[in-house]
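Chain A is fixed; fit chain B onto it per the hints.
There are 2 protein chains.
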Amino acid sequence: MQRLAEGILCGDLRALARGLSIVENRLPGGAELLAAVHPARRKALRIGVTGPPGVGKSTLVDRLAAELRSAGETVGVLAVDPSSPFTGGAVLGDRVRMQRHHRDDGVFIRSMASRGQLGGLAPAVDDGLALLEAAGLRSVVIETAGVGQSEVDIVQLAGTVAVVLAPSMGDDIQAAKAGIMEIADLFVLNKADQPGADELERQILAMISLIPDGQPRPPILRTCALSGEGVVELLAAVRSAPARQPEALYWRRFLQERLGREVEDWLASDSGIDLEGAAEQIAAGALNPYVFVRETAQSLRTRWLP
Amino acid sequence: MQRLAEGILCGDLRALARGLSIVENRLPGGAELLAAVHPARRKALRIGVTGPPGVGKSTLVDRLAAELRSAGETVGVLAVDPSSPFTGGAVLGDRVRMQRHHRDDGVFIRSMASRGQLGGLAPAVDDGLALLEAAGLRSVVIETAGVGQSEVDIVQLAGTVAVVLAPSMGDDIQAAKAGIMEIADLFVLNKADQPGADELERQILAMISLIPDGQPRPPILRTCALSGEGVVELLAAVRSAPARQPEALYWRRFLQERLGREVEDWLASDSGIDLEGAAEQIAAGALNPYVFVRETAQSLRTRWLP
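Chains as they are written, first to last, in the working numbering: chain A, 1 to 306; chain B, 1001 to 1306.
Chain A on its own, in the form it takes in the complex:
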């Protein structure tokens, strides 16, 4: 692990790819690797891009990466597909992007897909971002398909979240749940040259008007990802958006989740509680599972807490 850590810290992209496989798949050595690279990490600019299918997210992400690159920065693109046993979407997106950037070592592209990890994909993406920062990437774009709660959890690992909408969306966005408003730091009205753009902007403004006074109102940026129009302005808006949450709050949740997962591991094997026996009694109808959980948790509390 030490050699791999050194390779990553030197910016060796093959070492980075190996490190990413380890943390994505929760292979042994991952925690050790993360601990070893953490001190040398430099916080990157993290841009989250999400939205319904078909609005041009991939093209927009491509343009953002090119713009960041033209400023001389190294850029990571994480295309995250938390799920979908039914489609191969993430793979397709990569192929298209690779054609554009394949000679450019300053753009590092990675797809991350769910493999049924315990705790979901968000912790693996979080660990992946840590490695990208350790490898010296100064900006990372995190793209998700925006169709699930898990996507929402993941895209919020970014400092700034752009929700992309377009006149081609079809459904009236008022059908969209309140979830959009909670995650959007800014709205991108892509394909702004198409009919329906003004009406869509009115609808977005109507949603924004529901935000209580005193809370920040997300700006709306118009873009045409195909031509590149509006992308420079979008990047400027991302850079000047206020921080999503205080960093200490992020770390507090991080610690609680990771410690919780460690403890859950021992509960099964080492705590002295006979889970197998209890499970068999429940299956036999001889034990109430909810009563068992309540009483066991209570007795652990009494035993463990000061």
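Check the hints yourself; a few may be wrong.
[Stated by the list, open to error] Simulated crosslink set (SDA-like; lysine to any residue; CA at most 20 Å straight-line):
id, chain 1, residue 1, chain 2, residue 2
1, A, Lys43, B, Tyr1250
2, B, Lys1043, B, Tyr1250
3, A, Lys43, A, Asp126
4, A, Lys43, B, Ala1278
5, A, Lys43, B, Ala1286
Simulated from the structure, these hints should not be mistaken for laboratory data.
Bear in mind the structure is a predicted one, so any value in this text is a computation, not a measurement.
Below, chain B without anything else, positioned relative to chain A:
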């Protein structure tokens, strides 16, 4: 809670609806309610129905419910939408179904959608199923859209999972990830009267041929949900499918997850570990978060375990 429990056990559907709101939203009293009704639960036939959008799942679920009802049974339909801040799909499905069954008290229809619960929607669905069984429903159909890992987790709460495909799917199912094979107890080839049905069946058979010898091979049932053809045979196949996993294994995972969640709650507030202080130190660059998690987990182990 005791009165609400009694209402549910008497089959009062309004009490059931109230109980479901409590467990879905993790409101106080949920655990008490579940403990109170558990002893009187009778295991229901649980049928999971999943698949990509557009294959006719809702129509098929509707037909299954009608068939179960015609046999004199009370039926529950849970339409689960774990996510999607961007669409209102679950609501639409309900409206269509309600028109068909609204005069029939023997069919209870419920949509469950993610509200960002900690731990995801699967535990809430699990608790919901417990209440449906306590209310005396003898069969439950769990329908998910099949687009995410969370959907896979949820649909596996059913005893038997039917993966629905149709010639209208468009994408070659070879683009589908291995996830389908892991969850399918049987395949339903819906819209079997349409062109492309034979080719689709060949593709499904090709996937099935990859299953190692000794492991069960899912049958393929052809249906036309619109006409109802094949639905009686489908129900028979569901009833005769082997159990997904031993019941004790299900309860063991249940206990581990629920106990783990209790402990995670105390870690934040009562364990004597200063998570806030550690988070601030990490944000200031003065503490390595991965080292902190490792050392704290180790010291808890030493303190707590026998």
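Outcome of the hint check:
Restraint check for A/Lys43 and B/Tyr1250: the C-alpha separation of about 42 Å exceeds 20 Å, so the hint is violated. As the CA atoms of B/Lys1043 and B/Tyr1250 are separated by approximately 14 Å, the hinted pair is consistent with the 20 Å bound. A threshold of 20 Å between alpha carbons decides the hint, and for A/Lys43 with A/Asp126 the separation of about 13 Å falls inside it, so the pair holds. Between the alpha carbons of A/Lys43 and B/Ala1278 the distance comes to roughly 19 Å, so the proposed pair stays at or under 20 Å and holds.
Among the hinted pairs, A/Lys43 with B/Ala1286 is consistent with the structure: their alpha-carbon atoms are about 15 Å apart, no more than 20 Å.
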